[in-house]
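Novice: Please build the complete structure, drawing on both the sequences and the hints.
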Amino acid sequence: MVPSMNSPQPQGPSVRISDAGSKPAGEVIRLGTAALGFVGIITAVDARHLASTEARLDIAPEELEQRLLEMGFVEGARVEIRHQGPIARDPIAVRVNNAVIALRRAEANAIYVSPILETPVAV
Amino acid sequence: MSAAPLPAPELQVAPFSVALVGNPNCGKTALFNALTGSRQKVANYPGVTVERKEGRFLTPAGRAVQVLDLPGTYSLRARSPDEVITRDAVLGRLADLELPELLVCVGDATNLRLCLRLALELRALGQPMIMVLNMIDIARHRGMTIDVEKLSGELGIPVVTAIAVRRSGTADLLALLDHQMDQAGQVDRNRVRSWTPPDRTDMRNLQREADRIASACVSLPERPHTASAQIDAVLLHPLGGMLVLMALLFVMFQAVFSWAQVPMDLIKAGFEQLGGLVDATIPAGLTRSFVHDGLISGVGAVLVFLPQILILFFFILMLEDFGYMARAAFLMDRIMGSAGLHGRAFIPLLSSFACAIPGIMATRVIDGRRDRLVTILVAPLMTCSARIPVYTLIISAFVPNRIVGPGLQLQGLVMFGLYATGIVSALCVSFVFRRVFSSQGGTEPFILELPDYKRPDMVNVLMGLKLRAKVFLHRAGTTILAMMILIWALATLPRPPADADAPAITYSFAAKLGRAMEPVFAPIGFNWQINVALIPGMAAREVAVASLGTVYAIEASEESSSELGAALAAKWSLATALSLLAWYVFAPQCASTLATIRRETGSWGWAGVVFVYMVTLAEGFSFLTYQTARAFGLG
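Protein chains in written order, with the working numbering: chain A, 1 to 123; chain B, 1 to 635.
Just to be clear, a hint being listed does not mean it is correct.
Facing chain A, according to a computed beta carbon distance under 10 Å, are these residues of chain B, among others [claimed, not checked]:
| hint | residue |
| --- | --- |
| 1 | H237 |
| 2 | A329 |
| 3 | G337 |
| 4 | K454 |
| 5 | M458 |
With beta-carbon atoms standing in for the labels, derived distance ranges [stated by the list, open to error]:
| hint | chain 1 | residue 1 | chain 2 | residue 2 | range |
| --- | --- | --- | --- | --- | --- |
| 6 | A | L117 | B | D178 | 51 to 59 Å |
| 7 | A | L36 | B | S38 | 44 to 52 Å |
| 8 | B | P406 | A | G26 | 52 to 60 Å |
| 9 | A | L117 | B | R189 | 47 to 55 Å |
For the record, the hints were derived by calculation from the structure and aren't laboratory data. Since this is a predicted model, take the numbers as computed values, not measurements. Glycine included, each C-beta is placed from N, C-alpha and C at the ideal position.
Specialist: Written out as structure tokens, the structure reads:
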């Protein structure tokens, strides 16, 4: 599978899929570009390539990465975009494993995800 | 001392010190309330305004425990001032606080993932530690099963379950505490001292380990929990969610007016009776004037607003407990972002509607320094409850009580307008400040957990209300009372000459002072009585109402100060009244707010900036209002 974005593939730790019964399908994309209802597995968390593509952030890329990790965005976690804000579809509310975390799309772009196909669960 | 030797009671031994640590929203405060009941006190950590909540209780074996409720955090790698306090308390770095003898890591049983990682971080310190799985009833209800024994084995620490909101819900924890005290181990101080924050690799490894433990010990139900998701489908809906938010705010402010009416009337009547009693027992003269006009009218005029303040705080506490506040921040982030504010600023700014001081203190949840500063600078523009007395007085005196639509009172509508003016000007001012600051950097990230909704716990809400009432009554009993005595003295002394033909107050210091201020305030339509009231109003906004009462009660001693509204309607033009309303939207009439800004920003400079910009806006807008109203013939 070939990444479609211009920035180099992030050098995150090896991908580990923890969700039994769900498998990666399709290309790795940035979470911030995904649509409402997207379901995927985090393949990498890396903020180093944000500066050129996104609105200026006040903190160092390493710091953003650390904060995302603190909120449970680690490689292998399952994410699902549940809601989006009223203006410019921003921010987004993402279910990470069992918790719901709100973040802006600009920040979500530091999270690389691969869509998964799974048996739909009644919501 | 009596001779009989008694075994030393356990109470005289220094209490066993316990610190509660956990993620935000894990029910830590509910657990703290359940353990300590009313035996808790709130103070500040030295130098910062982070609330330090401590309490004491006895275990079933009769041993005293001193428990510290630390601010919620996701990691010991602290960023905000709140989280720094938690880290420093856990590491024993606070000057006046010993290293806790036992760490109690509190986790929400329904959402263990992030909490387990924090537990692993804490465990690395090697301090005696236990874990409490709070809200276990909700987890069970949702069909989750947690193997507590296995979890305890994996973590290598004792684990108990708890239901903080139920009477017997902490029994296991209390029993465990007794057991822990028997075998309190030694703390390796060097290990604690040499702690270093986890880096990104550590964080990944810790989370992996936490996830492994969670999947080994927790089994999720086949059908996932959906209640929160269903509520969010409405409350986070791009359009529906915004409508609900606006409706909620509107209902909140209407309630402040309609619900508070009866208790306010009762308080007012009570103070009038008290005044009558004084008139009947104390002979006419300086003493009666002091007790009736100074003390009773003064304090009564302020206390009467307690119901409104409590209703406002009731809504805020309920919404917070319900889990709605984070959703409001989510909905508002982009809208506030266009004015240069962070989504997280919504909660502090909403609290500022009750009082700017807790609002400014609540900005500590904002990580970014500039985002936090902008929020602090505009928080005093939000209509705090101390403005309500002034607004109510003037609105009820000058705005007819008419129904202008279904459920719409004209008076309530004017009030809503004043609130709206405050909000709009706060947005404009923050936009300007953001522009000034924007030369130096971009925006802070907005990363916020949206906790599961839960039924608000009335005990917690009521305890929060009690605390707010205490703070308000304390203020009424100290600052405001002192100011009332001062204003009474200014308005009464010196006594008029024996052959005086004008009202007594025209001979007083207050009149001289008020007249001296006239050149500045005449262009905005203020008479010398208003000028007099503004001076003690610097201590606290609501004092101005009491001061007006005192000034006018003394001027026309026949008139009861409770009919202040009627007196004002007869003595002021509508232009003056509107101008005073405009003044109160903007004027920095609160010394405690300025002091809090100094403390939170670490310099008088920013307090000065706030004072200057607010006075400028107040004078400007009052001038505009007064001159416009006069042009329309209302002067």
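Novice: All the hints need checking, so say for each whether the structure fits it.
Specialist: Results for each hint:
| no. | hint | verdict |
| --- | --- | --- |
| 1 | H237 | 8 Å, holds |
| 2 | A329 | 8 Å, holds |
| 3 | G337 | 9 Å, holds |
| 4 | K454 | 14 Å, violated |
| 5 | M458 | 26 Å, violated |
| 6 | A:L117 / B:D178: 51 to 59 Å | 53 Å, holds |
| 7 | A:L36 / B:S38: 44 to 52 Å | 47 Å, holds |
| 8 | B:P406 / A:G26: 52 to 60 Å | 53 Å, holds |
| 9 | A:L117 / B:R189: 47 to 55 Å | 53 Å, holds |
Checked against the numbered hints listed earlier, the structure breaks hints 4, 5; every other hint is satisfied.
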